[in-house]
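Just need the whole structure built from these sequences, with the hints factored in.
Going down the list, the protein sequences come from chains A and B. If you're matching positions, the first sequence starts at 0 in numbering that gives the first Met the number 0 and goes up one per residue. If you're matching positions, the second sequence starts at 0 in numbering that gives the first Met the number 0 and goes up one per residue.
Keep in mind that the hints were calculated from the coordinates and are not lab data. Since the structure is predicted, the reported quantities are computational estimates derived from the model, not experimental observations. The C-beta atom is built at its ideal place from N, Cα and C for all residues, glycine as well. Since no wrong hints were added, every one of them can be taken at face value.
Below 30 Å or equal to it, Euclidean Cα-Cα: the simulated DSS-like pairs (lysine-lysine) are:
hint, chain 1, residue 1, chain 2, residue 2
1, A, 228, A, 386
2, A, 358, A, 167
3, A, 243, A, 423
4, A, 423, B, 57
5, A, 46, A, 280
6, A, 118, A, 46
7, A, 386, A, 118
8, A, 430, B, 57
9, A, 316, B, 47
10, A, 118, A, 333
11, A, 358, A, 280
12, A, 177, A, 280
13, A, 423, B, 47
14, A, 213, B, 47
15, A, 103, B, 47
16, A, 284, A, 243
17, A, 43, A, 333
18, A, 228, A, 430
19, A, 386, A, 352
20, B, 47, A, 430
21, A, 379, A, 359
One side of the interface only, derived from the structure: several residues of chain B facing chain A at Cβ under 7 Å:
hint, residue
22, 238
23, 239
24, 255
25, 257
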Amino acid sequence: MKRRSMLAAAFLAMAVTAAGPAFAKTQISWWHAMTGANNEVVDKIAKDFNASQQDFELVPVFKGTYPETLNAGIAAFRAGQPPDIIQVFDVGTGVMMNAEGAIKPAAEVLTDAGMTFDKSQYLPGIVAYYSRPDGTMLSFPYNSSSPILYFNKDIFAKAGLDADNPPKTWNEVWDAAKKIKASGAAPCGYTSTWLTWIHTENFAAWNDTPFATKENGLAGQDAELEINKPLFVNHFQALADLAKDGTFKYGGRTSEAKQIFLAGECGIFTESSGGLGDIVKSGMKYGIGQLPYDSDAPGAPQNTIPGGASLWVFAGKSADQYKGVAAFFAYLSKTEVQTYLHQKSGYLPVTLKAYEETKKSGFYEQNPGRETPITQMMGKEPTANSKGVRLVNLPQVRDIENEEFEKMLAGEQTAQQALDSAVKRGNEAIKQALGN
Amino acid sequence: MNRATFPHKFLPYLLLLPQLAITVVFFYWPAGQALRQSLLREDAFGLKTQFVGLSNFKRVLADPAYVNSITVTVVFSIATAFISMAVALLLAVQAEKVIRGKTFYRTLLIWPYAVAPAIAGMLWLFLFNPSFGTLAYPLRLMGLNWDPLLNGPQAMTMIIMAASWKQISYNFIFFVAGLQAIPRTLIEAAAIDGATARKRFWTIVFPLLAPTSFFLLVVNTVYALFDTFGIIHAVTGGGPGKTTETLVYKVYNDGFVNLILGDSAAQSVILMVIVIALTAIQFRYIERRVHYG
Numbered sequence: 000m001k002r003r004s005m006l007a008a009a010f011l012a013m014a015v016t017a018a019g020p021a022f023a024k025t026q027i028s029w030w031h032a033m034t035g036a037n038n039e040v041v042d043k044i045a046k047d048f049n050a051s052q053q054d055f056e057l058v059p060v061f062k063g064t065y066p067e068t069l070n071a072g073i074a075a076f077r078a079g080q081p082p083d084i085i086q087v088f089d090v091g092t093g094v095m096m097n098a099e100g101a102i103k104p105a106a107e108v109l110t111d112a113g114m115t116f117d118k119s120q121y122l123p124g125i126v127a128y129y130s131r132p133d134g135t136m137l138s139f140p141y142n143s144s145s146p147i148l149y150f151n152k153d154i155f156a157k158a159g160l161d162a163d164n165p166p167k168t169w170n171e172v173w174d175a176a177k178k179i180k181a182s183g184a185a186p187c188g189y190t191s192t193w194l195t196w197i198h199t200e201n202f203a204a205w206n207d208t209p210f211a212t213k214e215n216g217l218a219g220q221d222a223e224l225e226i227n228k229p230l231f232v233n234h235f236q237a238l239a240d241l242a243k244d245g246t247f248k249y250g251g252r253t254s255e256a257k258q259i260f261l262a263g264e265c266g267i268f269t270e271s272s273g274g275l276g277d278i279v280k281s282g283m284k285y286g287i288g289q290l291p292y293d294s295d296a297p298g299a300p301q302n303t304i305p306g307g308a309s310l311w312v313f314a315g316k317s318a319d320q321y322k323g324v325a326a327f328f329a330y331l332s333k334t335e336v337q338t339y340l341h342q343k344s345g346y347l348p349v350t351l352k353a354y355e356e357t358k359k360s361g362f363y364e365q366n367p368g369r370e371t372p373i374t375q376m377m378g379k380e381p382t383a384n385s386k387g388v389r390l391v392n393l394p395q396v397r398d399i400e401n402e403e404f405e406k407m408l409a410g411e412q413t414a415q416q417a418l419d420s421a422v423k424r425g426n427e428a429i430k431q432a433l434g435n
Numbered sequence: 000m001n002r003a004t005f006p007h008k009f010l011p012y013l014l015l016l017p018q019l020a021i022t023v024v025f026f027y028w029p030a031g032q033a034l035r036q037s038l039l040r041e042d043a044f045g046l047k048t049q050f051v052g053l054s055n056f057k058r059v060l061a062d063p064a065y066v067n068s069i070t071v072t073v074v075f076s077i078a079t080a081f082i083s084m085a086v087a088l089l090l091a092v093q094a095e096k097v098i099r100g101k102t103f104y105r106t107l108l109i110w111p112y113a114v115a116p117a118i119a120g121m122l123w124l125f126l127f128n129p130s131f132g133t134l135a136y137p138l139r140l141m142g143l144n145w146d147p148l149l150n151g152p153q154a155m156t157m158i159i160m161a162a163s164w165k166q167i168s169y170n171f172i173f174f175v176a177g178l179q180a181i182p183r184t185l186i187e188a189a190a191i192d193g194a195t196a197r198k199r200f201w202t203i204v205f206p207l208l209a210p211t212s213f214f215l216l217v218v219n220t221v222y223a224l225f226d227t228f229g230i231i232h233a234v235t236g237g238g239p240g241k242t243t244e245t246l247v248y249k250v251y252n253d254g255f256v257n258l259i260l261g262d263s264a265a266q267s268v269i270l271m272v273i274v275i276a277l278t279a280i281q282f283r284y285i286e287r288r289v290h291y292g
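Spelled out as C-alpha cells, the structure:
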C-alpha cells in the first residue's frame with residue numbers, strides 16, 4: 000500500500016512539475032488529517048487562499064488519521080520528499096520538537112519572508128504550547144480544540160433530566176447516565192472519544208493534578224507518569240463499573256464513539272470541540288456543557304490543555320516555497336479566516352482579534368455553549384499541572400494506556416491494575432525512547 | 000538426458016536478468032536493509048544513528064508483548080489455514096456433485112478471491128461492528144453479548160472468519176482441479192466393490208488430493224502469516240488490548256506507529272528466520288509423506 004501511495008505521489012509530482020511552468024505558480028503542499036465537515040473547511044480555506052493571490056497554489060492532501068499523517072510525513076522525510084506543510088496533532092508535538100534539523104520553525108518562516116510575527120496577537124496558552132522554552136514558535140496552531148460535553152436534548156427530556164442544566168461533575172454524569180439507561184430513554188447513558196486525551200491528560204489538567212512528573216514533561220524529557228494516583232483510579236473504576244451493564248459504552252481508541260452518539264445510542268458524550276461540525280450537520284438537538292470535573296479534586300476546575308493540531312514546516316525547501324508558506328500563515332491569521340474556522344468547525348480561534356470579533360457579532364448568544372472551549376482553556380492562569388503534556392513518545396504511551404483500558408473495560412482487570420500497568424509500561428517506553 | 004544448450008555464454012544470464020533484478024530489488028535489498036536496521040538505534044527522522052549490536056533482538060525477545068504476539072499468530076494461522084482449507088474442500092466436493100449449473104456455482108465460489116484484503120476486512124466490519132453492524136444486531140437479539148471492541152476472543156473470531164472467507168475461493172480452485180485429476184475409474188471400481196461415499200472419499204479421494212493439500216498448506220500458512228495484515232488493520236487494529244496483534248502487525252505497529260525502527264527491524268529479521276525454517280520443515284518432513292500420483 001505504501002509503495003502504491005508513493006507511486007501515486009510520484010505521478011502527482013510529475014503532473015505538478017508538468018503543470019508548473021504553464022501557471023508559473025509555486026506549489027505549496029499541505030498534508031492534513033481533517034475529515035467530514037472539517038475537511039470541507041480545509042478545502043474552502045485553500046480555495047480562498049489560492050484565489051486571494053497569484054504567486055502560490057496551496058494543494059491540500061488528505062493523509063488519513065492524525066497518526067497516519069504524522070507517519071506519512073516522517074516516511075516522506077526519510078525518503079527525501081517531505082511536503083511543505085504538515086498538520087501534526089498535539090500528541091506528536093514532542094516527536095516533532097525532537098526532530099531538530101528536520102523542521103523549520105514557523106516563526107523563522109514568517110520573519111525570513113519579511114513579515115513581523117507579533118506574538119501578542121495570538122492566544123497565549125496555545126502559542127506557548129507550540130513554542131520552544133526560549134519562546135520561538137515552532138509550529139503554527141491551525142486547529143486548537145478542547146474537550147467538552149455534548150448531550151442529546153431529546154434523550155434528556157425522555158429521561159426526565161434537565162436539558163438546560165447539563166451535569167457539571169463526573170459524579171453527576173454517572174448519575175445522569177444511569178438515569179438515561181434505567182428510564183429506557185436510550186440504550187446507553189454515556190460514551191466518550193479519546194479516553195487518553197480526555198480522561199487522563201485533560202482530566203489531570205482540569206482537576207489540577209499532575210499527569211506526569213517534570214510539569215508533565217514540559218520541564219524535562221525524563222518524565223514519569225503519575226496516572227495511577229487515587230483520583231485517576233476512582234475515576235476509571237467508575238467507568239469500568241458503568242461499562243459492565245452498558246451504561247458507559249466504549250467506542251474505540253480515537254473518535255469512533257462519535258458515531259454512537261450521532262446514532263442516538265447514548266445520551267451524554269465527551270469529545271473535542273472540533274467534533275461540533277459533524278454534530279451540527281446531523282441535525283440532532285444537542286446541548287453543550289463544560290468538561291465535567293472531579294468533585295473530590297480541590298481547585299477543580301482549573302483549565303483544559305490545548306488539543307487539536309498545528310502546522311509544521313519541513314526544512315530544506317526553496318526560498319520561494321517558504322515565501323508561499325509564510326503567505327499562507329499570514330492569510331490564516333486574518334481575522335475573517337479565523338472567525339470562519341472557529342464558527343464553522345468548533346475549533347478555537349488562534350488570534351485574540353478573531354475571538355473578540357466573534358464575541359462582538361453576538362455569535363455566542365445565538366449559539367450558547369460555543370464559547371465554552373475557550374473559557375475552559377483560558378479561564379484561569381495555568382498551573383504546573385495544566386500547561387500541557389509533552390512526552391517524546393506520547394503516541395506510544397497513549398497506545399499502552401488504551402490497551403490497558405480495553406482490558407479493564409472488558410472486565411479482565413481493575414482500574415488500579417490497569418493504571419499501575421500503564422504507568423509501568425509507559426515509563427519503560429519513555430526511558431527506551433530517550434535511549435536510557 | 001537432453002540438455003538444452005545455448006550458443007552464447009551470456010544469453011542465459013541475460014534471460015534470467017529481469018527475474019533476478021526483481022528478486023534483488025524486492026527481496027534482497029529490503030532484507031539487507033532490515034538486517035542493517037536491526038543492528039541500529041535510530042530516531043524516527045533518521046537524524047541520529049547508533050550501532051547497538053544485538054541489543055534490539057535481546058529486548059524484543061524479552062518483551063512479554065512479543066511472546067503474546069507469537070501465541071496470537073499461532074492460533075490465528077492454524078485456525079485460518081484449517082478453516083479455509085476444510086471449507087474449501089467441502090465446497091469443492093459438493094460442487095463436483097452438482098450436475099446442472101456447475102460453472103455457475105464455481106464462478107460464484109471463486110469470486111471472493113478478487114476482493115482485496117482490506118476491503119474484505121471492511122465488509123466483515125460492516126457486518127459485525129457492534130454499533131452499526133448488520134449482523135451484530137441479530138446476534139445481540141439472540142442473547143449474545145457481541146462486543147469485539149472489548150472482547151478479545153470475539154475479535155479473534157471475527158478476523159479468523161474474514162481471513163478464512165477470503166482464502167476459501169483460492170483453495171477451492173485448487174481442490175476442484177485436484178478432484179478432476181482423480182481417475183473416475185478408481186472411484187467407480189470402489190463403488191462397485193461396495194464402498195460407501197464416505198469410505199470412497201477418505202480412502203481414495205483424500206489421499207490422492209495430498210499433493211494439492213500440501214501445496215495449499217504451504218500457501219495458506221504464508222497467507223495467514225503475511226497477507227492478512229490488511230484484514231487485521233481494517234477490522235481490529237490489533238486490539239482489544241493486544242489480543243489480535245500478530246507478529247506482522249506488531250512489526251507494523253512498532254515500526255510505523257510507534258517509530259521504534261530498530262525493534263521493528265529486529266522483529267522482521269526474526270520473522271524471516273521463522274518463515275525460512277517453516278518452509279524448510281514443510282518441504283523436508285511433510286513432503287515426504289505426500290504421494291504424488
